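K.L.:
Below are the chains, spelled out letter by letter.
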Amino acid sequence: MSQRLFLLTVAIAALASSVLAQERALPLDKLRSGLEFAGADVRAMQADDFANPGLLWVERGEKSWRDAVNGKSCASCHADAATAMHGVAAHYPAFDATAGEVMDLEARINACRVRHQNAKPLERESEDLLALTAYVAYQSRGLPMAARIDESARASFERGRAFYKARHGQMNLSCAQCHEQNWGKRLYAETLSQGHGNAFPAYRLEWQSLGSLQRRIRACLFGVRAEMPRPGAPELTDIELYLAWRAQGLTLEAPGVRR
Amino acid sequence: MADSRISVPPENRRGEPFEVRISIRHPMETGYRTNESGEHVARNVIRRFACRYNGAPVFAVRVTSGIAANPYFRFFVRARESGTLDFEWVDDIGVRGEAQATVKVV
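These protein sequence lines map, in sequence, to chains A and B. According to the numbering used here, the first sequence is numbered sequentially starting from 1. According to the numbering used here, the second sequence is numbered sequentially starting from 260.
Just so you know, the hints here were simulated from the structure itself, not pulled from any lab data. Predicted model, so just to flag it, every value in this text is computed and none were measured. The C-beta atom is built at its ideal place from N, Cα and C for all residues, glycine as well. Where hints are given, some of them may not hold.
[Stated by the list, open to error] Covered stretches of chain A (chain B as the covering partner; in silico rule of three or more C-beta atoms under 8 Å from a C-beta of chain B): (1) 55 to 67; (2) 90 to 103.
[To be verified] Cβ-Cβ distance ranges computed for the label pairs, FRET-style: (3) B:N313 to A:E227: 55 to 61 Å; (4) A:G223 to B:A315: 30 to 36 Å; (5) B:I352 to A:V114: 45 to 51 Å; (6) B:R355 to A:D41: 30 to 36 Å; (7) A:R148 to B:R321: 32 to 38 Å; (8) B:T323 to A:S76: 41 to 47 Å; (9) B:A327 to A:M171: 29 to 35 Å.
Build out the structure end to end from the sequences listed, making use of the hints.
P.N.:
Structure representation (structure tokens):
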């Protein structure tokens, strides 16, 4: 009897994982980083750590990591980022038990500031937050994206998926219509990528600056003339989590360079 | 605003030119843009950038709004004596930046 129950459990678990596998419009072996859709000049810029302007933010983040705020720096608790933060960014966005919600890397850094440094959260897209995020993400560069979708993250994941598949804005387009059904084709002068966030925070030539994945998603929403969620809005975290799941296994490139 | 990254070869042969690279974090605001409320954004670019090698000027440039944000300069200097490269720049609102790199000549 107990063996039957065990087999049943195994069967349900296998079914559940296969359901999740079938949901992938992009099979894992077909994943292509946005870098592959970029021109040779952009690829060369990212390949050379000196030419990549994103490293300017990484170096600034390294300083912020050691700067004390109200007597405590990031390093006071975490010591060396190269070991303490190795692989961390690859698992974000992630469920935070204390807050009881899914947080992206920016939100998690801000939560640390509030909880342990008694400081105000840094503003989204501020140079300081971008620098710290870039520095932390940099410690996972070259590692595979590995977001965990467990029970606690499930609700956020489902909302993210619904957002991804829903049509938005005056253009009445969903994320999937461009990035799953038509990737590799041209949209005016652009080649549609698969829409992965593995290079973010990334230096975007259009922005002339480093920017977060949320900013990139907002740029897409602006493109389809949709209502823009405010920076840090929960629906943006949900979509970030869904994107992280979609990109599982792709190499983390932060700080990447994009058009 | 004065963040920069510098690259100089660790060792240089006397009499040979060596490559110097520097990138500076700066918005290089062109003065041609408006912000989200439609107001004009004042020009703020690095105006002047100069490099001295053991005190002697070796490279100087007058920069205008045609240069992208976070400008990247690359030039060659002939190795003479071990010493320092001093970089200096100033932007439209008068913010000065400086950086230094050590040069080893063998």
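K.L.:
Evaluate each hint against the coordinates.
P.N.:
Verification of the supplied hints:
1. 55 to 67: This one holds; 5 residues, not fewer than the three required, reach chain B with a Cβ under 8 Å.
2. 90 to 103: violated (count 0)
3. B:N313 to A:E227: 55 to 61 Å: 59 Å, holds
4. A:G223 to B:A315: 30 to 36 Å: 52 Å, violated
5. B:I352 to A:V114: 45 to 51 Å: Between I352 (chain B) and V114 (chain A), where Cβ atoms are some 33 Å apart, the hint is violated.
6. B:R355 to A:D41: 30 to 36 Å: Distance hint for R355 (chain B), D41 (chain A) holds at roughly 32 Å.
7. A:R148 to B:R321: 32 to 38 Å: 53 Å, violated
8. B:T323 to A:S76: 41 to 47 Å: 44 Å, holds
9. B:A327 to A:M171: 29 to 35 Å: Taking Cβ atoms as reference, A327 (chain B) and M171 (chain A) lie about 30 Å apart, which means the hint holds.
Checked against the numbered hints given earlier, the structure breaks hints 2, 4, 5, 7 and satisfies all the rest.
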